[in-house]
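Asks: Here the protein sequences line up with chains A and B, keeping their order.
FYI, in my numbering the residues of the first sequence are 19 to 245.
FYI, in my numbering the residues of the second sequence are 98 to 291.
None of these hints come from the bench; they were simulated from the model.
Any given hint could turn out to be false.
Claimed, not checked - DSS-like, lysine-lysine: derived pairs with alpha carbons at most 30 angstroms apart:
#1 A:Lys110 / A:Lys141
#2 A:Lys180 / B:Lys142
#3 B:Lys141 / A:Lys208
#4 B:Lys142 / A:Lys81
#5 A:Lys208 / B:Lys142
#6 B:Lys142 / A:Lys175
#7 A:Lys175 / A:Lys141
#8 A:Lys196 / B:Lys142
#9 A:Lys233 / B:Lys118
#10 B:Lys142 / B:Lys129
#11 A:Lys180 / B:Lys141
#12 A:Lys141 / A:Lys233
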Amino acid sequence: MPLCFELILGISGVTLCSVNLVKAITQPFVGSSKTLSERDSDWLLVQRVQSGDVAAFDELVIKYRERIYSVIYNLTSNKEDSYDLSQDSFIKAFQSIGRFKGKSSFFTWLYRIAVNTSLSHLKKNRHRRFLSYENIAEETGSSDILEVLAAKTSTEKPTLIKELQHKLNEALQTLSVKHRTVIVLFEIDKLSHQEIAEIMNCSVGTVRSRLHYAKKQLQSELQDLLD
Amino acid sequence: MPNNPNNLDLDQLLDLKREEKPAEDFWDGFQKDFRQRQLQALIKKESSWNRLAPAFFARSNIFVPLSAAVVVALFVLIVNFQENAPLQSEYYDAVIMAEESGAQLSNVSESSTQESVLPIIAESITEEPATQAAASFVMDLIPNDEPESLSYTREFPTSTIPSDNRFVAALVSYTISHDSPTFGMAMRQQTVGF
Chain A
19 MPLCFELILG
29 ISGVTLCSVN
39 LVKAITQPFV
49 GSSKTLSERD
59 SDWLLVQRVQ
69 SGDVAAFDEL
79 VIKYRERIYS
89 VIYNLTSNKE
99 DSYDLSQDSF
109 IKAFQSIGRF
119 KGKSSFFTWL
129 YRIAVNTSLS
139 HLKKNRHRRF
149 LSYENIAEET
159 GSSDILEVLA
169 AKTSTEKPTL
179 IKELQHKLNE
189 ALQTLSVKHR
199 TVIVLFEIDK
209 LSHQEIAEIM
219 NCSVGTVRSR
229 LHYAKKQLQS
239 ELQDLLD
Chain B
98 MPNNPNNLDL
108 DQLLDLKREE
118 KPAEDFWDGF
128 QKDFRQRQLQ
138 ALIKKESSWN
148 RLAPAFFARS
158 NIFVPLSAAV
168 VVALFVLIVN
178 FQENAPLQSE
188 YYDAVIMAEE
198 SGAQLSNVSE
208 SSTQESVLPI
218 IAESITEEPA
228 TQAAASFVMD
238 LIPNDEPESL
248 SYTREFPTST
258 IPSDNRFVAA
268 LVSYTISHDS
278 PTFGMAMRQQ
288 TVGF
């Protein structure tokens, strides 16, 4: 009889352990939200959206809207198109989020949607090239170039910035779409080679070679401005 | 001479691109527009479902008998089709039957043929002696996909045509004598379409 009791206790203990183990596997994020990585927190939000919580997608939009807008703007150099294409990208992501299985990070997946949306737009409108620029935040900006330009007088600086901006955007538009995408993602959005390879669905080696070529071409285009 | 009074390099220039940002209030409008488009996407998704769903599920009182009627109709059609479809052996049976009936009809006396309303086709008599004496019209039942060797004919004695129906008799007589397409069926040699 005591043996039976011990056996039952043992089995129930094993069962409890296995239940806890299953919980630990299936819900690895519960109770440790502070230590969650960006990928994991995105995945939690995605799961909420997939289970019908539409508001959870708003959080993802707020989190990534600036980066998505930025990558599209840097690819198109047109702020009106960038607005529409960003909206399209988020809507596409929302509509197909049910098919997102979490194999890659949500961020990579979203970037891929945005890049593909931009590329198909550029392909469709390759004969219609119209640039419209965002304003450069001179006061809040923190880049080195603004510090260099800060030495200029107040009348000269805005003109110089406008000129640099125009020449840079023109030079970017002379690159092929693939080379432009690589340079935008690496130099401006500061993504890794691996991330770019995932987004562009190519090898890391291809990313490196495209980056090298794109920088070389940009340098020759901007030779007048550089050393 | 270098045209670079500010000592800029490419990385610094690309940094400038990072400073091209919309203003803060821009994002309020962006978010508002997105919510509107998201709502439209949801409504569109639901409305397409709502259009289809009632037709199948909501009006189940119509759907059930309707589908039952469709199933019964399909069943009847399939059974009829299978019954009417000639088997391979039926072709051979028909050929044998036609030959036998041709032989029998060749023995029919002249008087019996004179009773018939229909004349005999001159061409067919010369080419096929077995059916010379047979006052009959033959319906071509050769399917399009069958080879010629598998063709068969079904013969109807002219006596099957009611003698009092002069209109039909005249029409058939005209058809035979002119050997032309009638009633949408092509006439062949030794064959009369009807």
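Asks: Name the hints, by number, that the structure is in violation of.
Replies: Going through the list in order, the structure violates hints 2, 3, 5, 6, 7, 8 and 11 and respects the others.
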